[in-house]
Amino acid sequence: MTGYSVKQLAELAGVSIRALHHYDQIGLLTPANKAESGYRYYGKAELLRLQQILFYKTLKYPLKQIKAILDDPDFDLMDSLEQQRQQILHEADRLQQLLVTIDKTIVGLQNQEQMITDEELYEGFTPEQKDTYRQEVTDRWGEDKLKEAEDRLKRLSSQQWTDVKAKGKEIELLLADLMAQNQAVDSNIVQKAIDAHYAHMCEFWTPNKEQYLGLGKMYTEDERFKSHYEQYADGLAAYIYEGIKVYCTNDMKVV
1 MTGYSVKQLA ELAGVSIRAL HHYDQIGLLT PANKAESGYR YYGKAELLRL
51 QQILFYKTLK YPLKQIKAIL DDPDFDLMDS LEQQRQQILH EADRLQQLLV
101 TIDKTIVGLQ NQEQMITDEE LYEGFTPEQK DTYRQEVTDR WGEDKLKEAE
151 DRLKRLSSQQ WTDVKAKGKE IELLLADLMA QNQAVDSNIV QKAIDAHYAH
201 MCEFWTPNKE QYLGLGKMYT EDERFKSHYE QYADGLAAYI YEGIKVYCTN
251 DMKVV
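Residue numbers (our numbering): 1 to 255.
Everything labelled a hint here was simulated from the structure, so no lab data went into it. Every residue, glycine too, gets a C-beta built ideally from N, C-alpha and C. Treat the hints with caution; some may be incorrect.
[Unchecked claim] Pairwise CB distance ranges, derived in the manner of DEER restraints:
1) Asp144 / Met78: 47 to 57 Å
2) Glu221 / Lys169: 43 to 53 Å
3) Arg18 / Asp144: 20 to 30 Å
4) Gln8 / Glu221: 12 to 22 Å
[Stated by the list, open to error] Pairs of lysine-lysine residues, derived as BS3-like cross-links and limited to a Cα-Cα distance of at most 25 Å, are as follows:
5) Lys67 / Lys169
6) Lys57 / Lys226
7) Lys192 / Lys253
Could you build all of it, start to finish, from the sequences and the hints given here?
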């Protein structure tokens with residue numbers, strides 16, 4: 001039997017075996033054939049399709065949309081690659097500008113006499129994105145919360161900012177692990193993780209119960225937030241939201 005097994009393809013493409021099984025289940029990427037032993041094998045066509053899936057995922061396309069694109073009878077691989085190339089070049093330019101912004105922020109935080117400006121804080125984002133993000137925060141939680149978050153961010157040292165980001169990722173990975181263990185969202189261990197998540201949010205601003213619930217809901221409805229959490233595990237955004245609902249029902253306490 002020629003081709004790549006699930007394990008071999010996972011290692012080759014740098015994806016998890018679980019992800020390949022999931023793609024098979026939803027009809028996004030099915031093996032070319034199956035051996036009598038039950039092992040599934042992927043051929044050249046499947047490798048090219050997986051490459052497309054990974055490209056589109058990098059560009060933040062949801063799996064359902066990726067499947068629709070690849071299954072379209074008019075889909076053309078060369079056209080798709082050229083479009084992706086242009087999108088990735090554009091994204092690379094944006095990320096390069098973000099790196100410049102990060103460097104300026106680090107210098108500004110290390111040298112308190114040279115505080116970063118509000119404009120520098122948002123460099124790397126388009127004017128539309130900057131205005132959209134700031135307006136969304138203002139509309140949802142008020143201008144005071146926007147100012148609170150921006151002021152707190154600018155007061156952090158570079159090491160503090162590194163520590164805050166690391167702590168946030170640690171909490172997200174913990175919640176992903178608890179979900180993988182099928183821990184109930186109302187269990188003590190999950191609620192402790194949600195409590196840590198709330199404490200981490202308070203590094204930036206201090207949401208009340210309604211605001212924290214709204215934030216959790218946004219995790220499931222806003223693709224920008226959802227894709228961030230789904231990079232760790234499918235369904236994680238919804239899992240965290242359910243945990244937040246329990247946490248808020250208990251007056252934001254672990255019981």
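Taking the hints in turn, this is what the structure says about them:
1. Asp144 / Met78: 47 to 57 Å: Since aspartate 144 and methionine 78 have Cβ atoms about 52 Å apart, the given range 47 to 57 Å holds.
2. Glu221 / Lys169: 43 to 53 Å: Violated, since glutamate 221 and lysine 169 (Cβ atoms, about 22 Å apart) do not stay within the stated range.
3. Arg18 / Asp144: 20 to 30 Å: Between arginine 18 and aspartate 144, where Cβ atoms are some 43 Å apart, the hint is violated.
4. Gln8 / Glu221: 12 to 22 Å: Cβ of glutamine 8 to Cβ of glutamate 221: about 38 Å, so the range 12 to 22 Å is violated.
5. Lys67 / Lys169: It is violated: about 29 Å lies between the C-alpha atoms, which goes past 25 Å.
6. Lys57 / Lys226: holds, 13 Å
7. Lys192 / Lys253: Given pair lysine 192, lysine 253 holds - Cα atoms ~9 Å apart, limit 25 Å.
Violated hints, listed in ascending order, are 2, 3, 4 and 5; each of the other numbered hints is respected by the structure.
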